[in-house]
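Student: Sequence:
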Amino acid sequence: MTVAQPAYQKAEAIESLGLDAGALDRAKERLGTFLASCAGPDGNTGGIDPLAARAARDVLEPGPLALFRLKPHVLAEMERVDTRDLGRFLAYRYRFDVYPEHYLLDAYPPSVEIELTSMCNFRCVFCFQSHRPFTRKSNGHMGHMPLERFRRLIDELAGKVEAITFASRGEPLLCPDITPMLAAVAGRFLALKINTNASMLTEDKCHALLSAGVSTLVFSADAAEEPLYGRLRRNGKLDQVVRNIRQFNQIRAAHYPGARTLTRVSGVHMLETEQDIEMMQAFWSDMVDQVTFVRYYAKENVYDEPLSSVSAPCSDLWRRMMIWWDGTVNPCEVDFMSALALGSVDDASISDLWRGPAYQALREHHQNGQRARVHPCNRCSLV
Numbered sequence: 382m383t384v385a386q387p388a389y390q391k392a393e394a395i396e397s398l399g400l401d402a403g404a405l406d407r408a409k410e411r412l413g414t415f416l417a418s419c420a421g422p423d424g425n426t427g428g429i430d431p432l433a434a435r436a437a438r439d440v441l442e443p444g445p446l447a448l449f450r451l452k453p454h455v456l457a458e459m460e461r462v463d464t465r466d467l468g469r470f471l472a473y474r475y476r477f478d479v480y481p482e483h484y485l486l487d488a489y490p491p492s493v494e495i496e497l498t499s500m501c502n503f504r505c506v507f508c509f510q511s512h513r514p515f516t517r518k519s520n521g522h523m524g525h526m527p528l529e530r531f532r533r534l535i536d537e538l539a540g541k542v543e544a545i546t547f548a549s550r551g552e553p554l555l556c557p558d559i560t561p562m563l564a565a566v567a568g569r570f571l572a573l574k575i576n577t578n579a580s581m582l583t584e585d586k587c588h589a590l591l592s593a594g595v596s597t598l599v600f601s602a603d604a605a606e607e608p609l610y611g612r613l614r615r616n617g618k619l620d621q622v623v624r625n626i627r628q629f630n631q632i633r634a635a636h637y638p639g640a641r642t643l644t645r646v647s648g649v650h651m652l653e654t655e656q657d658i659e660m661m662q663a664f665w666s667d668m669v670d671q672v673t674f675v676r677y678y679a680k681e682n683v684y685d686e687p688l689s690s691v692s693a694p695c696s697d698l699w700r701r702m703m704i705w706w707d708g709t710v711n712p713c714e715v716d717f718m719s720a721l722a723l724g725s726v727d728d729a730s731i732s733d734l735w736r737g738p739a740y741q742a743l744r745e746h747h748q749n750g751q752r753a754r755v756h757p758c759n760r761c762s763l764v
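For the sequence shown, this note's numbering puts the final residue at 764, and the numbers step up evenly by one.
Take these hints with a grain of salt, some might be off.
Label-pair restraints from in silico Cβ distances [as the list claims (entries may be wrong)]:
1) D466 - L446: 23 to 33 Å
2) R461 - R513: 15 to 25 Å
3) A420 - Q621: 14 to 24 Å
4) R676 - T464: 31 to 41 Å
5) N749 - D463: 24 to 34 Å
6) Q621 - L441: 44 to 54 Å
7) Y684 - A420: 47 to 57 Å
8) Q751 - E410: 23 to 33 Å
9) A693 - E584: 44 to 54 Å
10) G524 - P443: 45 to 55 Å
11) R461 - Q628: 20 to 30 Å
FYI, nobody ran anything at the bench for these hints, they're computed from the structure. Note that the coordinates shown come from a computational prediction; the quantities given were computed from them, not determined experimentally. We treat Cβ as the ideally placed atom computed from N, Cα and C, and that holds for glycine.
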């Protein structure tokens, strides 16, 4: 008998992250200087975004009334942010971390994930790409986002949303238009993140990523040796991925010495006795800035999971929006077959969809204790 999973807090899912002990102290010193530089003669910081000031004060004066904290992986991201953009970064992180806890909405989501392609060359054991009804082309889920649609999305989002992620259901570097897409976002977003398995990280794509000023580049890897890597990341070859990441580092050092891109290896921790966190740290730490493990959550096929007893609202309904390659708007990637589709960016603006009746109805079901009535939310344990 399959047992339903306990509540899984995605925002707290990182199990292991190696950071230097002085990161928080440096952040506090920087935030103190930031607030002082923004204060007028009366000490008032009215010249900056109130959310940025609130976030800085919460970090400097943690206590029962403080709502915001800097998580370990965010500390490293903030260190890469130019001082002139620090206020924007703090306001974005406050919206991303605090708004979902209090069910607050702005005109746009704190973060938008854009699916450049739903296709992937890997069949990882913990991923829905291993679900054949999804990857079967005749079912209509496979495709690449047209460049024209992508540019229209970027034009709407620029200046309104700080965080854009190229991820969702496929491998973004497989998209045939990845290079012009990266050129289209260069300099337009504060937190541009890309998740990749690194197998398609060619020399040209390294240049495109670095030229675009990608903020965080996440390489997905769950092991530091074969055959375990290949067992988890089916179709993947560890030696090829390592070569590609080393090539990226060489290109960055030679041609983009001032690049602020943060690199991270992120793995899914699903085999307690076989995946060695210390070995992962030792193997990958000389190639990337961060090495992390996130707790495994079974999302290969949520539709066949047993009914969940979790009734708490899913925070992603207030945190992020997914836009699939075909323009479909979805509230999450766990629903990879789009049972919860909330409209299309071809028919309405992102803002109208985010605050529209379909999204609001889904949020109300979650808030009113009616999550069990919504499929597949009633089989999911993410909160």
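Student: Against each hint, give a clear statement of whether it holds in the structure.
Tutor: Hints, verified against the model:
1. D466 - L446: 23 to 33 Å: holds, 27 Å
2. R461 - R513: 15 to 25 Å: At roughly 40 Å between Cβ atoms, R513 and R461 fall outside 15 to 25 Å, so the hint is violated.
3. A420 - Q621: 14 to 24 Å: Violated - the Cβ-Cβ distance for A420 and Q621, about 52 Å, lies outside 14 to 24 Å.
4. R676 - T464: 31 to 41 Å: holds, 35 Å
5. N749 - D463: 24 to 34 Å: Given a distance of about 43 Å, which is not inside 24 to 34 Å, the answer is violated.
6. Q621 - L441: 44 to 54 Å: Hint holds: Cβ distance 45 Å, inside 44 to 54 Å.
7. Y684 - A420: 47 to 57 Å: holds, 54 Å
8. Q751 - E410: 23 to 33 Å: Because 47 Å falls outside the window, the suggested range is violated.
9. A693 - E584: 44 to 54 Å: holds, 46 Å
10. G524 - P443: 45 to 55 Å: holds, 46 Å
11. R461 - Q628: 20 to 30 Å: holds, 21 Å
When the structure is compared with the earlier hints, violations turn up for hints 2, 3, 5 and 8 and for no others.
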